[in-house]
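Residues per chain are reported as follows:
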Amino acid sequence: MINLLALSTLHATALPEQKLVDLTAVDVLIIAIYFAVVIFIGFYLKGAANTSEEFFMAGREMTAWIAGLSFVSANLGSLELMGWAAATYQYGILAMHWYWIGAIPAMLFLGIVMMPFYYISRTNSVPGYLHLRYGDGARALSAVSFAFMTILMSGINMYSMALVMKVVLGWDLNFSIWVSSITVALYVALGGLRSAIFNEVLQFLLIWAGAMLVPVLGLIEAHGWVNLRNQIAVNLGRNDYVHMWSTLGSFNTNPMGINWFGIVFGLGFVVAFGYWTTDFLVVQRVLAADNLRSARMAPIIGAAFKMAVPFIVILPGLLALSVLPYHLMPEAGALATGGHSYNEVLPLMMVRYLGPGLLGLGVTALIAGFMSGMAGNVSAFSTVWTYDIYGAFINKRATDSHYVKMGRACTLIGVLVSIGTAYLVQHAASIMDYVQQLFSFFIAPLFGTVILGMLWKRATKAGGFWGLLAGTVTSIGLFVAVRLHPDALRYVALSPDARPMAETLYRALWSWLACVAVTVFVSLLTLPKPVSELEGLVYGISPLPKESASHWHQRPIVWAAIVGIIFIGLNILFW
Amino acid sequence: MRRILSIWFFAGVLFSIYGLMILTNGVWEVWHPPAHHTVLEDLHSSIWWGAILFVIGLGYLIGFFPKSKTP
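Protein chains in written order, with the working numbering: chain H, 1 to 575; chain B, 1001 to 1071.
With the rest of the complex left out, here is chain H (with noise of 0.2 Å):
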């Protein structure tokens, strides 16, 4: 999950002049080399996209590894790159919930349990499956709000790493806007989903290669792990800045306004399931693997590479509460006394330990990191849009080769609605905060709503759309409270203690329990489907195919238990 909470206040009219660093000569090669690359990959994969299920869904060809690769890179843009290591910086260790209990348990679940049934339906897209199990309302519902916020939230990604750039490098926002952009316009338009997986795969290495030795130099710095937890301590006076579930017990005992209720059933049950299980951006590129095994094995591989994240994102803002000689503030602080903000926290460590070369490495994972996101975006946005919004209810019967020319021209149309989103936040800032609250609207219900459908045979097509309604109307309402009447926050968070954090993970718990509620509810006093209909979409229904497995070390189960042993073992390591 992106977040954009630290950079969200960061405005363009007030930045200051200077910048934090000069790239060199080598600095700029290393960039422009990695633009050659992901521009060339687009142009060498263009013949290979010339059907539809080439160029939405690459092929249905990817291996296990690519798939899973690409299903963690699509997620790990520069603003969860960046925003993450700011957070830290605000909040500590807990940031790290974001990467295994909200993200571990959900991408486990989508590989083991939910994943045969979106291979086996043959969807091209998640809004696709609700046509299947539901019909066309809960399709264009979904598609309509997927399609619409997708985009929308590629633009203000591309502001805000604009931004970034413009900060720490001096480069023009103009500049930083177009020129990505069009290099990922091309890419995907090109190649379509298979140049995107394809580049996002490198760009997954590049993010590893370029922002690696900023935790490996600052542990040698801080000199080692117990020394940091104990300097971390006494630099900020306090020591639940180090642990990740001790400091849970109550809202106002842990620096983020939260309990553990919230971070288990909100973040770790709703949200996370909800992204990690239903958002199309990541659930596209399990899509694309070449059988079931590889789309099941994906996202459990995609964990074990989640969970190595924090080590590259967490630990450079847990490395800057120790190492650093000043401290970080908020942005409106930062512009006042012309010092840093957390929002630069990254960008501020590898300036710190990477010389020249290795700092154009750093610059290009940033860069790649934001590549790898916008693609995500793109891809999705055109594959939603062409199957379930205009083959769906615009243009049913055309060719294939007209769907392909679609997909090729939302991919740009969504490139230029992207740019135009981002000058528009540049104008008006407060934008983008309400934009990144539409988002969460949409996820929590619709998690709710898939996985009713999946798991049981009685929901029916009118309650999915009344269910998936009542519950994106109720994290809006909820949200809408809070700004109103600030107090209802105790509320919805059930605690006079919760923080804005808070307020986000129990408002999708809610919106989700709702979701639930009427689905039964409305699905009690209509008429189910016929079981005959709900082959392969439904749990039970009729058996899976098995799979090419034939060793114990193959299967899928095997690597999700040792995954979840693994998790289960480092969450009580940093207790």
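Some clues are possibly wrong.
Said to hold, decoys possible - With the Cβ distance kept under 7 Å, some of the chain B side facing chain H (calculated, not the full set): (1) H1032; (2) P1034; (3) T1038; (4) V1039.
Hint data in this document are derived by calculation from the structure and do not stem from the laboratory. Heads up, the beta-carbon is just placed ideally off N, CA and C, and yes, glycines get one too.
Once you have looked at the hints, place chain B on chain H.
Structure of chain B alone, referenced to chain H:
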């Protein structure tokens, strides 16, 4: 449809180039220190990190080098 090169081959090419550039630059810096000083620069991370990237990249480049089709 023509056979598509493996993504790992592209990764190998890119990492080899980057590794070689960073390694070369790191060696150059031993005699010509850069204007921008970094913490722990005496560890010469450019040299060993560049070498690691180069070796990994070369491994992937060779391992996934496109082979000519046998009839």
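Going by Cβ atoms only, is B:T1038 closer than 7 Å to chain H? holds, 5 Å
Regarding the hint that B:P1034 lies at the interface with chain H, is the smallest CB-CB distance below 7 Å? holds, 5 Å
Report holds or violated for the interface hint on B:H1032, using the least CB-CB distance to chain H and a cut-off of 7 Å. violated, 10 Å
Measuring from the C-beta of B:V1039 to each C-beta in chain H, is the shortest one below 7 Å? holds, 5 Å
Comparing the model with each numbered hint stated earlier shows that hint 1 is the single one that does not hold.
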